[in-house]
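Q: Residues per chain, in single letters:
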Amino acid sequence: MLTVKDLRLERDKREILHGIDLEVKKGEIHAVLGPNGAGKSSLAYALMGCRGYEPIAGKIIFNDVDITNLSITERAKLGITLAWQEPARFEGLTVNDYLSLGKKNDVKEALEMVNLNPERYLNRFIETLSGGERKRVELASIVTLKPKLAILDEPDSGIDFISLNDLLELMIKLKNDTTILLITHNEAVAAISDKATMLCDGYIVKDGTPSEVTKYFRDICRRCPSEKYSKVRLKHET
Amino acid sequence: MRLKGILKAYELSGGKPEDLTSKDIGSMIVEGNKILSSNIVEGILIEKEETETGVKVKIVVGKGQRIKKPIHLCFGVLPKEGLQEIISEIIVEENASADIKACCTFPNARKVKHVMDAKFILERNSSLSYQETHFHGHYGGIEVIPKAKMMVNENSALKTIFSLVTGRVGKLDIDYEVDAKKNSTTEILTKVYGKSTDKIKIREGVRLNGENARSVIKSRIAVKDNAVSEITNITEGNAPYTQGHVDCTEIVRGKAISRAIPIVSVTNEKAKVTHEAAIGTVNKKELETLMAHGLERDKAVDMIIEGILR
Chain A
1 MLTVKDLRLE RDKREILHGI DLEVKKGEIH AVLGPNGAGK SSLAYALMGC
51 RGYEPIAGKI IFNDVDITNL SITERAKLGI TLAWQEPARF EGLTVNDYLS
101 LGKKNDVKEA LEMVNLNPER YLNRFIETLS GGERKRVELA SIVTLKPKLA
151 ILDEPDSGID FISLNDLLEL MIKLKNDTTI LLITHNEAVA AISDKATMLC
201 DGYIVKDGTP SEVTKYFRDI CRRCPSEKYS KVRLKHET
Chain B
1 MRLKGILKAY ELSGGKPEDL TSKDIGSMIV EGNKILSSNI VEGILIEKEE
51 TETGVKVKIV VGKGQRIKKP IHLCFGVLPK EGLQEIISEI IVEENASADI
101 KACCTFPNAR KVKHVMDAKF ILERNSSLSY QETHFHGHYG GIEVIPKAKM
151 MVNENSALKT IFSLVTGRVG KLDIDYEVDA KKNSTTEILT KVYGKSTDKI
201 KIREGVRLNG ENARSVIKSR IAVKDNAVSE ITNITEGNAP YTQGHVDCTE
251 IVRGKAISRA IPIVSVTNEK AKVTHEAAIG TVNKKELETL MAHGLERDKA
301 VDMIIEGILR
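If you read the protein sequences in the order shown, they are chains A and B. Its first residue numbered 1, the first sequence is counted upward by one per residue in our numbering. Its first residue numbered 1, the second sequence is counted upward by one per residue in our numbering.
Because the hints were derived from the structure by calculation, they are not lab data.
Partial list, derived from the structure: chain A residues whose beta carbon lies under 8 Å from chain B:
{"#": "1", "residue": "THR73"}
{"#": "2", "residue": "ALA76"}
{"#": "3", "residue": "LYS77"}
{"#": "4", "residue": "GLY102"}
{"#": "5", "residue": "LEU145"}
Counterexamples of contact, computed for chain B against chain A with all Cβ distances above 10 Å:
{"#": "6", "residue": "LYS4"}
{"#": "7", "residue": "GLU11"}
{"#": "8", "residue": "GLY43"}
{"#": "9", "residue": "ILE91"}
{"#": "10", "residue": "ASN125"}
{"#": "11", "residue": "GLY140"}
{"#": "12", "residue": "LYS201"}
{"#": "13", "residue": "ARG259"}
No farther apart than 25 Å at their CA atoms in a straight line, the calculated lysine to any residue pairs in the SDA-like style are these:
{"#": "14", "chain 1": "B", "residue 1": "LYS284", "chain 2": "A", "residue 2": "GLY102"}
{"#": "15", "chain 1": "B", "residue 1": "LYS255", "chain 2": "A", "residue 2": "ARG51"}
{"#": "16", "chain 1": "B", "residue 1": "LYS16", "chain 2": "A", "residue 2": "ASN123"}
{"#": "17", "chain 1": "B", "residue 1": "LYS285", "chain 2": "A", "residue 2": "ASP12"}
{"#": "18", "chain 1": "B", "residue 1": "LYS191", "chain 2": "A", "residue 2": "ASN123"}
{"#": "19", "chain 1": "B", "residue 1": "LYS191", "chain 2": "A", "residue 2": "GLU127"}
{"#": "20", "chain 1": "B", "residue 1": "LYS195", "chain 2": "B", "residue 2": "LYS284"}
{"#": "21", "chain 1": "B", "residue 1": "LYS191", "chain 2": "A", "residue 2": "PHE125"}
{"#": "22", "chain 1": "B", "residue 1": "LYS299", "chain 2": "A", "residue 2": "GLY102"}
{"#": "23", "chain 1": "A", "residue 1": "LYS104", "chain 2": "B", "residue 2": "LYS285"}
{"#": "24", "chain 1": "B", "residue 1": "LYS285", "chain 2": "A", "residue 2": "ASN123"}
{"#": "25", "chain 1": "A", "residue 1": "LYS103", "chain 2": "B", "residue 2": "ASP302"}
{"#": "26", "chain 1": "B", "residue 1": "LYS284", "chain 2": "A", "residue 2": "GLY92"}
{"#": "27", "chain 1": "B", "residue 1": "LYS299", "chain 2": "A", "residue 2": "LEU101"}
{"#": "28", "chain 1": "B", "residue 1": "LYS285", "chain 2": "A", "residue 2": "PRO35"}
{"#": "29", "chain 1": "B", "residue 1": "LYS284", "chain 2": "A", "residue 2": "GLY132"}
{"#": "30", "chain 1": "B", "residue 1": "LYS218", "chain 2": "A", "residue 2": "GLY92"}
{"#": "31", "chain 1": "B", "residue 1": "LYS299", "chain 2": "A", "residue 2": "GLN85"}
{"#": "32", "chain 1": "B", "residue 1": "LYS284", "chain 2": "A", "residue 2": "THR94"}
{"#": "33", "chain 1": "B", "residue 1": "LYS299", "chain 2": "A", "residue 2": "SER100"}
{"#": "34", "chain 1": "B", "residue 1": "LYS284", "chain 2": "A", "residue 2": "GLU54"}
{"#": "35", "chain 1": "B", "residue 1": "LYS284", "chain 2": "A", "residue 2": "GLU74"}
{"#": "36", "chain 1": "B", "residue 1": "LYS285", "chain 2": "A", "residue 2": "ASN96"}
{"#": "37", "chain 1": "B", "residue 1": "LYS255", "chain 2": "A", "residue 2": "GLY52"}
{"#": "38", "chain 1": "B", "residue 1": "LYS285", "chain 2": "A", "residue 2": "SER130"}
{"#": "39", "chain 1": "B", "residue 1": "LYS284", "chain 2": "A", "residue 2": "GLY79"}
{"#": "40", "chain 1": "B", "residue 1": "LYS299", "chain 2": "A", "residue 2": "THR73"}
Note that the Cβ used here is the ideal one computed from N, Cα and C, for glycine as well.
Looking at chain A on its own, in the form it has when it is part of the complex (with noise of 0.2 Å):
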């Protein structure tokens, strides 16, 4: 469904994403896994089409079109989407304004599959949210939108930790219509995931499934001495 070829991003003239190749199978969950500036976020951004994520080289291919040079609106009308980290404010926007734009599914159902109570949360101001409703309320938009592809960023942070079984639950849901991109360093996230992919300081370093990008995760990089990632990536290759 996804290729992403040899893909190459500059930020403030620097190279961050250093030839990424990566593989995403229609109905899996896929995640990406690394530390904190590892270059996850940076890849979903890149694969959204964000202004200033346009890549220097490489290709990215979503059902055999070449979407590399595609608008973020072109991208999504394709169906695919990306969920931020940290959501948008949006003044003056209600929830229910928010999630019926390009509606597929019914906004009350999947306020209620986020756990929030259409009743409280429909006509709530989007800005007058905690960052954890906003976080759900952008899961819900997921399910509303039903896209072929969801990028999903951190999808875990910011919800409190009885939520997330819930937030597994969600997933696994979800993925009855939608392949997911899981970007994640948290490793029960990534658990729930098909296949996995380890970045690390803008490399990919491992690719394998779950338990064993974990393990290697857990093993090698939580042990690297210093931030010099690319230097563990060498000495691994080696």
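Since the structure of chain A is provided, determine the placement of chain B on it from the hints.
A: Frame of chain A, contents of chain B only:
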């Protein structure tokens, strides 16, 4: 005929004509310099007088009166050309409260001038919500000059909303000044959308002169095409424990030009005044979020602007 015309214009600007004709609701309709109707309900007094170029009106909300339904006022000029000068005084007496919704409609304006010279007095322990919604038509041939001096006495609360977000602005020159006394609260919200060659000048000042007085001045302005805006928000903290905040957001598109001038001053060591101003394009994350939901860039920008002007 005139009444019918103004009611239609009122409806076009988003109002419900029955609010101006209901016997249960305090109201007044003025077209040019003619008072077309007025309705007084228990607890309020309306004194009115036609002048050569407009009207003089005094509204008094009696002592201890809590007016449940909003008082509706409608000022308009239906012909293409004209001058309307409104001299108004609104007094909310001690322990009284009222909600006034004023609509100013000039749907055919090509060369119309509307001047308002207002005085608001909120006596002790009173509250007033004053919402003024304008509709200037699509030609831009209008000049609107609202000036208001407002006195918010001890323990009183004033909230004003000025909204001009549909149609053209023409030339707008607002000048509001508030003298805020002890334990009072003042909220001023202004929402304007300038297009084409519209010129917007807004000056809003709150002087926090009484201990523990609080205020917020919030401006939400969008300009596009060749429109120009200049917003001056002034807050002075002149007494102990006063707190004021200025919050100005201006969105600029096309060749429009926008200027924000926050003037904050404190003359008492126990006072605190803050300000935030954001001028420029729409928020990138908000824009990209809407685009990721399938909206084209322009539609997404419009939606964000509609939101901030809501």
